[in-house]
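For the record, the sequence lines run as chains R and W.
Using the numbering used here, read the first sequence as starting at 1 and increasing by one per residue.
Using the numbering used here, read the second sequence as starting at 1 and increasing by one per residue.
Keep in mind that the hints are not guaranteed to be accurate.
A pair holds if it fits inside one copy or across any two, identical chains being indistinguishable in the list.
Straight-line C-alpha distance at most 16 Å; calculated EDC-like pairs for lysine to aspartate or glutamate [as the list claims (entries may be wrong)]:
| id | residue 1 | residue 2 |
| --- | --- | --- |
| 1 | K114 | E88 |
| 2 | K134 | E426 |
| 3 | K337 | E58 |
| 4 | K106 | E83 |
| 5 | K490 | E370 |
| 6 | K470 | E448 |
| 7 | K470 | E421 |
| 8 | K330 | D398 |
| 9 | K340 | E312 |
| 10 | K181 | D110 |
| 11 | K458 | D289 |
| 12 | K319 | D254 |
| 13 | K87 | D100 |
| 14 | K251 | E79 |
| 15 | K87 | E27 |
| 16 | K260 | D342 |
| 17 | K87 | D110 |
| 18 | K367 | D316 |
| 19 | K452 | D327 |
| 20 | K80 | E104 |
| 21 | K384 | D53 |
| 22 | K87 | E112 |
| 23 | K340 | E51 |
| 24 | K490 | E455 |
| 25 | K22 | E448 |
| 26 | K114 | E157 |
| 27 | K189 | E117 |
| 28 | K290 | E10 |
Everything labelled a hint here was simulated from the structure, so no lab data went into it.
2 protein chains.
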Amino acid sequence: MSKNLTSRAEDYSKWYNELVVKADLAENSAVRGCMVIKPYGYAIWEKMQAELDRMFKETGHQNAYFPLFVPKSLFEAEEKNAEGFAKECAVVTHYRLQTDPDNEGKLRVDPEAKLEEELVVRPTSEAIIWNTYKGWIQSYRDLPILVNQWANVVRWEMRTRLFLRTAEFLWQEGHTAHATKDEAWEETKLINNVYAKFAENFMAIPVIQGLKTESERFAGAEETMCIEALMQDGKALQAGTSHFLGQNFAKAFDVKFTNKEGKQDYVWATSWGVSTRLMGALIMTHSDDKGLVLPPNLAPYQVVIVPIYKNEEQFDAVKKVADEIIDDLKERNISVKFDKRDTLRPGAKFAQHELQGVPIRIAIGPKDLEDNTVEVARRDTFTKETVILDRINVVVEDLLEEIQKSLFKKALDFRNSHITEVEDFEEFKKVLENKTGFISAHWDGTAETEQKIKELTKATIRCIPLDSKKEEGECVFTGNPSNQRVLFAKAY
Amino acid sequence: MSKNLTSRAEDYSKWYNELVVKADLAENSAVRGCMVIKPYGYAIWEKMQAELDRMFKETGHQNAYFPLFVPKSLFEAEEKNAEGFAKECAVVTHYRLQTDPDNEGKLRVDPEAKLEEELVVRPTSEAIIWNTYKGWIQSYRDLPILVNQWANVVRWEMRTRLFLRTAEFLWQEGHTAHATKDEAWEETKLINNVYAKFAENFMAIPVIQGLKTESERFAGAEETMCIEALMQDGKALQAGTSHFLGQNFAKAFDVKFTNKEGKQDYVWATSWGVSTRLMGALIMTHSDDKGLVLPPNLAPYQVVIVPIYKNEEQFDAVKKVADEIIDDLKERNISVKFDKRDTLRPGAKFAQHELQGVPIRIAIGPKDLEDNTVEVARRDTFTKETVILDRINVVVEDLLEEIQKSLFKKALDFRNSHITEVEDFEEFKKVLENKTGFISAHWDGTAETEQKIKELTKATIRCIPLDSKKEEGECVFTGNPSNQRVLFAKAY
Numbered sequence: 001m002s003k004n005l006t007s008r009a010e011d012y013s014k015w016y017n018e019l020v021v022k023a024d025l026a027e028n029s030a031v032r033g034c035m036v037i038k039p040y041g042y043a044i045w046e047k048m049q050a051e052l053d054r055m056f057k058e059t060g061h062q063n064a065y066f067p068l069f070v071p072k073s074l075f076e077a078e079e080k081n082a083e084g085f086a087k088e089c090a091v092v093t094h095y096r097l098q099t100d101p102d103n104e105g106k107l108r109v110d111p112e113a114k115l116e117e118e119l120v121v122r123p124t125s126e127a128i129i130w131n132t133y134k135g136w137i138q139s140y141r142d143l144p145i146l147v148n149q150w151a152n153v154v155r156w157e158m159r160t161r162l163f164l165r166t167a168e169f170l171w172q173e174g175h176t177a178h179a180t181k182d183e184a185w186e187e188t189k190l191i192n193n194v195y196a197k198f199a200e201n202f203m204a205i206p207v208i209q210g211l212k213t214e215s216e217r218f219a220g221a222e223e224t225m226c227i228e229a230l231m232q233d234g235k236a237l238q239a240g241t242s243h244f245l246g247q248n249f250a251k252a253f254d255v256k257f258t259n260k261e262g263k264q265d266y267v268w269a270t271s272w273g274v275s276t277r278l279m280g281a282l283i284m285t286h287s288d289d290k291g292l293v294l295p296p297n298l299a300p301y302q303v304v305i306v307p308i309y310k311n312e313e314q315f316d317a318v319k320k321v322a323d324e325i326i327d328d329l330k331e332r333n334i335s336v337k338f339d340k341r342d343t344l345r346p347g348a349k350f351a352q353h354e355l356q357g358v359p360i361r362i363a364i365g366p367k368d369l370e371d372n373t374v375e376v377a378r379r380d381t382f383t384k385e386t387v388i389l390d391r392i393n394v395v396v397e398d399l400l401e402e403i404q405k406s407l408f409k410k411a412l413d414f415r416n417s418h419i420t421e422v423e424d425f426e427e428f429k430k431v432l433e434n435k436t437g438f439i440s441a442h443w444d445g446t447a448e449t450e451q452k453i454k455e456l457t458k459a460t461i462r463c464i465p466l467d468s469k470k471e472e473g474e475c476v477f478t479g480n481p482s483n484q485r486v487l488f489a490k491a492y
Numbered sequence: 001m002s003k004n005l006t007s008r009a010e011d012y013s014k015w016y017n018e019l020v021v022k023a024d025l026a027e028n029s030a031v032r033g034c035m036v037i038k039p040y041g042y043a044i045w046e047k048m049q050a051e052l053d054r055m056f057k058e059t060g061h062q063n064a065y066f067p068l069f070v071p072k073s074l075f076e077a078e079e080k081n082a083e084g085f086a087k088e089c090a091v092v093t094h095y096r097l098q099t100d101p102d103n104e105g106k107l108r109v110d111p112e113a114k115l116e117e118e119l120v121v122r123p124t125s126e127a128i129i130w131n132t133y134k135g136w137i138q139s140y141r142d143l144p145i146l147v148n149q150w151a152n153v154v155r156w157e158m159r160t161r162l163f164l165r166t167a168e169f170l171w172q173e174g175h176t177a178h179a180t181k182d183e184a185w186e187e188t189k190l191i192n193n194v195y196a197k198f199a200e201n202f203m204a205i206p207v208i209q210g211l212k213t214e215s216e217r218f219a220g221a222e223e224t225m226c227i228e229a230l231m232q233d234g235k236a237l238q239a240g241t242s243h244f245l246g247q248n249f250a251k252a253f254d255v256k257f258t259n260k261e262g263k264q265d266y267v268w269a270t271s272w273g274v275s276t277r278l279m280g281a282l283i284m285t286h287s288d289d290k291g292l293v294l295p296p297n298l299a300p301y302q303v304v305i306v307p308i309y310k311n312e313e314q315f316d317a318v319k320k321v322a323d324e325i326i327d328d329l330k331e332r333n334i335s336v337k338f339d340k341r342d343t344l345r346p347g348a349k350f351a352q353h354e355l356q357g358v359p360i361r362i363a364i365g366p367k368d369l370e371d372n373t374v375e376v377a378r379r380d381t382f383t384k385e386t387v388i389l390d391r392i393n394v395v396v397e398d399l400l401e402e403i404q405k406s407l408f409k410k411a412l413d414f415r416n417s418h419i420t421e422v423e424d425f426e427e428f429k430k431v432l433e434n435k436t437g438f439i440s441a442h443w444d445g446t447a448e449t450e451q452k453i454k455e456l457t458k459a460t461i462r463c464i465p466l467d468s469k470k471e472e473g474e475c476v477f478t479g480n481p482s483n484q485r486v487l488f489a490k491a492y
């Protein structure tokens with residue numbers, strides 16, 4: 001393992017790229033824009049999945065699985081959605097390879113195995129799912145349908161970055177069908193709340209809930225709700241979206257139902273998703289120049305025990321104590337790893353666990369055995385304390401809770417101190433130059449203004465916050481009247 | 001829901017197809033050969049995943065994720081593997097659609113967005129993974145690598161059937177790297193044992209462990225171990241495979257390591273997988289003419305409570321008792337569903353739960369309330385008993401265990417009574433005509449004989465059983481000497 005990370009101050013982007021690779025989270029693959037998620041990174045994703053899945057099921061959702069491929073004719077059925085994704089999709093045109101007669105031993109596409117209709121590798125599954133729902137829905141009795149799927153999707157992005165923007169990524173996509181507009185709206189909000197709770201309680205990432213403007217909306221949606229987070233470099237990151245689709249997909253796929261009054265109506269829809277992008281948000285919210293910092297709720301293992309010893313006898317004595325601690329912690333549902341590798345010295349192990357963000361490190365050496373103590377070190381603050389062996393369970397349990405809370409509070413303080421109310425455009429540009437996060441400003445509500453601000457500053461409207469109070473004002477760019485502040489930022 | 005299933009005796013294949021759809025497990029999609037796994041079917045698959053994942057982790061494996069696409073040049077690097085899969089793969093050739101100028105509003109492949117190198121949608125991931133492992137392995141210290149991935153794969157099958165053979169399917173694929181041949185062999189056997197245990201203890205499916213013959217082996221493997229199950233119609237089903245890959249992939253991708261003696265050597269490999277095909281095996285092992293029969297360990301809910309009532313007051317009284325039962329059962333980790341739908345009569349509910357294979361049904365009506373009893377019905381045997389309310393927890397808990405064991409025993413008895421030792425080829429053909437399952441016969445060990453038998457009878461060698469005792473004999477087809485019996489059968 002090479003020694004030092006580039007510091008965040010030096011080059012934030014380089015720091016991020018190095019950290020993802022050095023902490024063994026992910027790496028680029030032989031396929032342009034596609035990543036390999038390594039076991040340590042995948043273990044974090046699995047914890048996210050488990051918790052989200054639990055929350056979805058608790059709110060009445062079930063999982064299902066729909067095809068990877070979308071026939072072109074279905075793909076183009078909802079016009080806006082098709083337009084939105086056509087420019088960045090992988091297309092299957094053939095179903096066989098054959099030995100190339102001009103290039104022995106090599107394979108080429110078999111020209112005779114051309115598909116009659118091209119298949120799009122799903123960039124999102126509304127089309128294939130609504131085509132399926134058509135067969136599931138006849139009456140209001142068949143509603144609501146509350147289905148989620150965990151899947152891979154492909155968007156042919158030209159500039160990719162590990163976790164943040166990759167051609168293939170993993171996500172969950174919920175697709176629900178409802179008898180009424182109100183119910184579909186409630187679902188849209190319910191899920192955005194689930195996402196916000198998950199981000200705050202599990203990822204320790206404070207988020208702002210809001211609505212997207214028309215130009216930032218999901219292609220095919222009538223409204224898009226989102227949770228927006230702020231990264232350490234002052235850029236925003238959209239961490240999850242929940243779309244109210246109105247009757248657009250039901251109309252595109254002719255999905256009608258008989259309502260309680262016996263009349264035919266189109267079904268109301270929502271869709272919602274979070275992806276492996278959340279890994280990027282997690283990293284850029286908490287980590288530091290020494291490496292990854294993980295909230296205990298998502299750490300693959302929350303505690304690592306490093307034995308300090310000079311000979312086998314010492315190792316055995318340390319291991320005996322470690323085993324007892326491990327048993328005790330496991331009983332409290334705390335995950336522990338005993339790092340018994342004999343190919344690395346303790347210092348190198350310390351550095352690796354620091355780089356990989358293990359929340360708590362316990363070191364046990366011969367001196368500790370004599371004193372009946374162990375050394376407990378906290379990753380997020382680098383503080384160490386000597387703990388009496390008898391109290392180790394309680395101390396570790398409390399400390400994990402304390403770390404989880406403290407990471408959230410730190411991120412919240414940072415975020416709150418990086419929202420600047422701005423009244424004129426010069427100030428707007430200055431705040432952006434200083435990378436100081438969200439700008440809360442009045443906007444005249446037009447797509448033109450939004451577009452011009454984006455062209456001039458690269459800042460976009462991240463959301464119209466749900467909790468923003470009504471307030472008369474003037475648009476920061478045009479001076480036209482406005483009655484609400486929106487949040488601008490540069491974004492990932 | 002349409003009433004009756006075709007009976008198994010009438011048309012086994014039709015019975016299967018109808019059952020999958022009517023029990024709400026899966027259906028065909030708009031994409032040729034690709035299925036939609038519906039929530040009830042997916043819930044069973046999730047239970048399989050959870051248990052297998054637990055078993056993999058318990059034996060030291062970690063999950064990771066590798067790209068969906070395999071560049072053609074990597075795909076063809078291991079010759080046999082490439083040949084084996086080239087004829088049935090989906091190929092991505094373009095990365096964009098555009099509006100067709102000759103067909104307004106419709107999309108077509110953008111001819112300018114042609115990929116320089118075609119991408120194969122993974123039919124299996126050895127190639128992309130071994131290309132990745134090359135970067136992970138330098139020394140024996142980096143070994144073993146024990147990685148699994150849960151993923152979708154695509155094989156362009158021409159004749160597809162829900163779960164049994166679909167173009168896209170879900171599976172797990174383990175890919176391990178080892179310093180020695182012995183270790184790789186141990187891993188191959190370990191996993192085959194995991195699969196056998198899982199099949200028997202969770203799916204209640206008895207399996208025979210064995211080795212595949214050369215012609216039935218995985219393309220690129222040196223040996224393939226398998227678990228073979230017998231379906232009710234006398235056909236065999238390969239339920240899982242574990243491959244010893246030797247150094248084939250390490251050589252194809254130049255993956256060398258420095259061993260403990262400081263010398264360079266190629267890495268030893270295994271790969272292994274089970275897929276949604278297991279759903280087919282589950283259905284065809286236990287189900288009957290009334291529908292699905294599920295082992296309690298895999299049922300989405302193990303118990304369903306159906307209230308019998310004529311008015312709201314009765315419903316409330318029944319519900320009160322049901323709620324108490326639910327609480328008690330949940331405490332014992334028994335999953336229960338209270339079927340309170342007011343759109344269906346009890347009889348229709350009974351029929352649906354029978355069709356969907358819920359192991360235990362509890363019915364509660366006004367008469368039961370008076371007597372302090374409930375009616376408990378068992379799906380697999382159709383037996384009913386009246387149970388005193390106080391004893392319901394114990395009765396249900398014991399009954400679930402009893403059903404799980406009884407399903408296994410029934411399947412085991414069936415399987416054991418459907419293995420026929422055969423000494424000559426006329427008898428061989430007669431046994432096959434009567435659909436009586438496995439044929440245990442001597443074989444001269446040549447691919448020619450195997451091929452001829454296959455051509456004449458459609459039966460293949462399912463495996464050379466691990467526990468088959470050495471025994472001198474004569475090949476059932478050629479009369480040439482043989483020292484071991486192998487298992488023949490027609491197969492799914």
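ask   = Which numbered hints does this structure break?
value = 2, 5, 6, 10, 11, 12, 15, 19, 21, 23, 25 and 27
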